[in-house]
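Fit chain B to the given chain P structure using the hints.
Line by line, the protein sequences are chains P and B.
Just so you know, we're using our numbering here: the first sequence kicks off at 1 and counts up by one.
Just so you know, we're using our numbering here: the second sequence kicks off at 1 and counts up by one.
Since the hints were derived computationally from the structure, they do not count as laboratory data.
Note that the structure is predicted; figures quoted are calculated from it, not measured.
Treat the hints with care, as some may be off.
Claimed, not checked - Derived lysine-lysine pairs resembling PhoX-like cross-links, with alpha carbons at most 20 Å apart: (1) P:K56 with B:K330; (2) P:K86 with B:K114; (3) P:K76 with P:K251; (4) B:K421 with B:K384; (5) B:K76 with P:K101; (6) P:K349 with P:K290; (7) P:K6 with P:K235; (8) P:K421 with P:K343; (9) B:K297 with B:K330; (10) P:K433 with P:K417; (11) P:K315 with P:K349; (12) P:K104 with B:K76; (13) B:K349 with B:K321; (14) P:K384 with P:K356; (15) P:K211 with P:K433; (16) P:K101 with B:K114; (17) B:K349 with P:K114; (18) P:K343 with P:K315; (19) P:K76 with B:K101; (20) B:K135 with B:K251; (21) B:K86 with P:K114; (22) P:K297 with P:K330; (23) P:K251 with P:K135; (24) B:K256 with B:K76; (25) B:K211 with B:K421; (26) B:K211 with B:K484; (27) P:K433 with P:K458; (28) P:K135 with P:K256; (29) P:K114 with B:K101; (30) P:K321 with P:K349; (31) P:K330 with B:K86; (32) P:K76 with B:K349; (33) B:K477 with B:K421.
Said to hold, decoys possible - Distance windows between CB atoms, simulated: (34) P:A390 with B:A320: 39 to 49 Å; (35) P:K343 with B:M158: 50 to 60 Å; (36) P:K86 with B:A260: 50 to 60 Å; (37) B:D312 with P:A409: 48 to 58 Å; (38) P:D53 with B:K421: 48 to 58 Å.
For each residue, glycine too, the CB sits at the ideal point set by N, CA and C.
There are 2 protein chains.
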Amino acid sequence: MADICKRSDDYSRWYQDVIAQAELAEASPVRGCMVIRPNGYAIWESMQRQLDDRFKELGHVNAYFPLLIPKSFLAKEAEHVEGFAKECAIVTHTRLRSVVKDGKPSVEPDPASKLEEELIIRPTSETVIWNQYRKWIMSYRDLPILINQWANVMRWEMRTRLFLRTTEFLWQEGHTAHATAAEALEETLQMLECYRWFAEDIMAMPVIVGKKTERERFAGAQETFSIEAMMQDNKALQAGTSHDLGQNFAKAFDVKFQNAEGSQDYVWASSWGVSTRLIGGLIMCHSDDKGLVLPPKVAQRKVVIVPIWRKDEEKEMVVAKAAELRDMLKPVAGLVHIDDRDKMRPGWKYGEWERKGIPIRIELGPRDIAEDVCVLATRHDGEKITVPLAELTQAVEANLERIQSDLFAAALERRTKNTHKLDTWDEFTQLYKNEGGFAYCHHCGDRDCEESIQNETKVTIRNIPLTAEAEEGTCIKCGKPSHKRVLFAQSY
Amino acid sequence: MADICKRSDDYSRWYQDVIAQAELAEASPVRGCMVIRPNGYAIWESMQRQLDDRFKELGHVNAYFPLLIPKSFLAKEAEHVEGFAKECAIVTHTRLRSVVKDGKPSVEPDPASKLEEELIIRPTSETVIWNQYRKWIMSYRDLPILINQWANVMRWEMRTRLFLRTTEFLWQEGHTAHATAAEALEETLQMLECYRWFAEDIMAMPVIVGKKTERERFAGAQETFSIEAMMQDNKALQAGTSHDLGQNFAKAFDVKFQNAEGSQDYVWASSWGVSTRLIGGLIMCHSDDKGLVLPPKVAQRKVVIVPIWRKDEEKEMVVAKAAELRDMLKPVAGLVHIDDRDKMRPGWKYGEWERKGIPIRIELGPRDIAEDVCVLATRHDGEKITVPLAELTQAVEANLERIQSDLFAAALERRTKNTHKLDTWDEFTQLYKNEGGFAYCHHCGDRDCEESIQNETKVTIRNIPLTAEAEEGTCIKCGKPSHKRVLFAQSY
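Only chain P is shown next, with the shape it has when bound in the complex (with noise of 0.2 Å):
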């Protein structure tokens, strides 16, 4: 029990560790398809309702569109299939016949429910919204249509890691028409500073916003922005994604408008999302040897109290206490969680909780409430003070601040020192090879240049950040002429 692999000893081992232990998720018997426990999918709820609130500030409502897609209709947008062919679910039956196999009664698709047409789960649903869109959109007054879909999707993955890549995956997917492709542009910026917001702000974990190059581009795009997070071994994890998608899905699906001037236009386009990938990174930026560590923000259950007694008639007294606590908390803790188990020691609690990464453990014993006083334990640095109990809502309030800031100061200290400014094609195949990070660097812009950088050092272009300032170098690889640094980074 609560046996957690050392992060120096073996990162990847130590994530799967920090999942178990934390009862986040696991694997099911079907290939690269994860169960999210209850522990899990109540950081999704948490990030869900927080996510699905700020898109409907911004005007967006949320739909939901068929699971499964003809599969014509991949086939309608040439780089689309192109980028989803090879990893899909394909559904070609509708019936099970009983059968004797081997022997023994089994079941098998009946033949005579074979599908005229072959459907496909959805990997993602730009076809099928798109063909949709068609019917709605006559006219410039018909748009902008702001639509987002919280769903789940399937891409036959063959490495797949809980979290991270997934065969089935939870998402949202935002998928907007616009009359112009200055909105279109607007709105795919708008979303991935929403996303950005997201991540510093309520996931403490700091990104680098940019564009990806021509060839990490979405199957079907114009351009593709994103926000790239730095997780502890150094390595980069594409956190969310917003694509400007031009008229692409328009002229494939035949959408057209009238617009002011009563001619007829391509509708135009944008698409955004983000995923349960989004679990993984947070586990990645901020839990420790001792499991899981969450900020306050994302957290479900943001303080746990655990009452402790010797002896049963003790019992009683402190967990009434630990009730009133509970009370007068929730107005700053939301739903705080009271441990008062039989015959389970404090120290084992303590350690279960610290694993589930509750961010907040008050320690309330008989001796405190004689002195009108508890134990307040810090998860992420392991601090415990003792706050009087007449001071413990504005306690919690103020730790629940620092905590949630103290994390993204770590992460951001942690990126600061991982990154690094490379001009010569030797650093960098150091830098890779040894303890790797974020490299900012001249590239050429050239995608075969870019793949062979690949190629050589498993080492990717992340993004060019919104921020780069115009400097004039040469490319890292070949030498030639570059206006401005990339990030390169290995990555999930």
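Quick look at chain B alone, frame taken from chain P:
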């Protein structure tokens, strides 16, 4: 526009028209799958939020299990596979390849990507969940497990109808595990009561709560309970079910636990669900020939303000006043919409909000403002009253309550009027040849007799009401002895 067929002319057409005019949902290119449009999804979100809050109050947590189920899992529970094998979507391949077909480029499943074991898109998740519970449950200390999942499921229905019966639908499925048969039954009945509360108190839709006959039981359940509502065409809609699964799934998936006495026993289970079908019930229960009628507790937008102006210079003033009222009403009505669209007559706007079922419309013109009043119109009964602005908050609050109770009272009155106690087969066949309705009749309890009634009249036993009193009688069909009356109706 606004062309809604009368209920009395063609009920089924009326239903489709209401959905189309309120922009709730529409058919998709995949047979039987629907697109839930933003107005329809807003209803689902409102239902989801309220059910989810209640589930959590009752101690449940949410989780997420995989969409795909190995076909061998379905086959483990004999009745279960029998119930679902004939209507399921089967995934057989995981890659598309490019081909030329009839001279045109196309894609087809790549034979090299054929799965060793076919996967089924979940029609319900008992099997995949109980396979996981086997790993989670060792001892009575691990029980109860009270998990709910919000998900999409798929049943390849032959005859579909928006919301009421679709190939893919959204639902919640609760799956609980218990140490005793009594606890599992208690949970089953508790959730049944939760559904009754939701149908009656939130949806304003009266329901009959009862136990299904063996013939209508969920595939794999020991007992199935349901809530049944009467629609405006006098047919019944099964609006929610709760199943006592006994030890059936624990046995099929070998889930044993050590009880407090130290011996091994199979775990006891319940499952329960409601789906987007509820939206169909909501529409059919309250809507009228002018379109959708929504109970305030379900409506995301409870109030719309239509400012009225003749000259452009008046617009700014009335819209500003409308914004004041909107802010004032927020505490009692939530987000209030102001319809300030230009170049559209107020009457046209009224019609649109009537079709969309907004419970209260406030009309506000320059003369109203001069007199410090506005007009408050209630959708369900078409009443219009003039209200001093100073009393508007109270008036809105009181009317929202009145609408909610009026709708329930009207639905109950309709049900009472169309419910009969029948004692002869002649009365029975006459009723269902003519207006139909609910009929409380004696039945012998024999499965074949039940089937013959359905074959002759399309009428089924909806349930055996929990409140049914002991009463001696003879079966309405075969004349054998019976000890209580059961509920008969034609159903969706």
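Structure-based check of each hint:
1. Between P:K56 and B:K330, the direct Cα distance comes to roughly 16 Å. Compliance with the 20 Å bound is thereby established for this hinted pair.
2. A C-alpha spacing of about 13 Å is found between P:K86 and B:K114, which places the hinted pair at or below 20 Å, so the restraint holds.
3. Simply put, P:K76 and P:K251 have alpha-carbon atoms about 9 Å apart, close enough for the 20 Å limit, and the pair holds.
4. Of the supplied pair hints, the one linking B:K421 and B:K384 is violated, its CA atoms being roughly 40 Å apart against a limit of 20 Å.
5. Between B:K76 and P:K101, the direct Cα distance comes to roughly 15 Å. Compliance with the 20 Å bound is thereby established for this hinted pair.
6. Note on P:K349 and P:K290: the hinted pairing holds, with a Cα-Cα distance of about 13 Å set against a maximum of 20 Å.
7. Only pairs whose Cα atoms come within 20 Å are accepted, and P:K6 paired with P:K235 is accepted, the gap being roughly 17 Å.
8. For the hint linking P:K421 to P:K343, the alpha-carbon distance of about 56 Å lies beyond 20 Å, and the restraint is violated.
9. At roughly 15 Å between alpha-carbon atoms, B:K297 and B:K330 fall within 20 Å of each other, so this suggested pair holds.
10. In summary, the hint linking P:K433 to P:K417 is supported, as the alpha carbons are separated by about 17 Å, within the 20 Å threshold.
11. The suggested pairing of P:K315 with P:K349 holds, with an alpha-carbon distance near 16 Å, which does not exceed 20 Å.
12. For the suggested pair P:K104 and B:K76, the alpha carbons sit about 13 Å apart, so the restraint of at most 20 Å is met.
13. The suggested pairing of B:K349 with B:K321 holds, with an alpha-carbon distance near 18 Å, which does not exceed 20 Å.
14. With a C-alpha separation of about 18 Å, the suggested pair P:K384 and P:K356 falls inside the 20 Å cut-off, and the hint holds.
15. Taking the CA atoms of P:K211 and P:K433, the gap is about 26 Å. The hint is violated against a cut of 20 Å.
16. For the hint linking P:K101 to B:K114, the alpha-carbon distance of about 19 Å falls within 20 Å, and the restraint holds.
17. Simply put, B:K349 and P:K114 have alpha-carbon atoms about 48 Å apart, too far for the 20 Å limit, and the pair is violated.
18. Of the pairs offered as hints, the one joining P:K343 and P:K315 holds, with about 12 Å between alpha carbons and a cut-off of 20 Å not exceeded.
19. In summary, the hint linking P:K76 to B:K101 is supported, as the alpha carbons are separated by about 15 Å, within the 20 Å threshold.
20. Taking the CA atoms of B:K135 and B:K251, the gap is near 14 Å; set against the 20 Å cutoff, the hint holds.
21. Under the criterion of a C-alpha separation no larger than 20 Å, the hint pairing B:K86 with P:K114 is consistent with the structure, at around 13 Å.
22. Note on P:K297 and P:K330: the hinted pairing holds, with a Cα-Cα distance of about 15 Å set against a maximum of 20 Å.
23. Proposed proximity of P:K251 and P:K135 is supported: the alpha carbons are some 14 Å apart, at most 20 Å.
24. Between B:K256 and B:K76 the alpha-carbon distance is near 16 Å, which keeps this suggested pair within the 20 Å criterion.
25. Restraint check for B:K211 and B:K421: the C-alpha separation of about 19 Å stays at or below 20 Å, so the hint holds.
26. Taken as a hint, the B:K211 and B:K484 pair is honoured in the structure, with Cα atoms around 13 Å apart against an allowance of 20 Å.
27. Pair hint P:K433 plus P:K458 holds up; C-alpha atoms about 10 Å apart against a cutoff of 20 Å.
28. Simply put, P:K135 and P:K256 have alpha-carbon atoms about 10 Å apart, close enough for the 20 Å limit, and the pair holds.
29. With a C-alpha separation of about 19 Å, the suggested pair P:K114 and B:K101 falls inside the 20 Å cut-off, and the hint holds.
30. The suggested pairing of P:K321 with P:K349 holds, with an alpha-carbon distance near 18 Å, which does not exceed 20 Å.
31. Taking the CA atoms of P:K330 and B:K86, the gap is near 50 Å; set against the 20 Å cutoff, the hint is violated.
32. In summary, the hint linking P:K76 to B:K349 is not supported, as the alpha carbons are separated by about 39 Å, beyond the 20 Å threshold.
33. Of the pairs offered as hints, the one joining B:K477 and B:K421 holds, with about 14 Å between alpha carbons and a cut-off of 20 Å not exceeded.
34. Restraint check, P:A390 to B:A320: a C-beta distance of roughly 47 Å satisfies the suggested window 39 to 49 Å.
35. For the pair P:K343 and B:M158, the beta carbons lie near 56 Å from each other, so the given range of 50 to 60 Å is met.
36. Checking the proposed 50 to 60 Å range against P:K86 and B:A260 shows it holds: the Cβ atoms sit about 53 Å from each other.
37. At roughly 54 Å, the beta carbons of B:D312 and P:A409 sit within the given window of 48 to 58 Å.
38. The beta-carbon spacing between P:D53 and B:K421, approximately 51 Å, falls within the hinted interval of 48 to 58 Å.
Consistency with the previously given hints fails for numbers 4, 8, 15, 17, 31, 32, ordered from lowest to highest.
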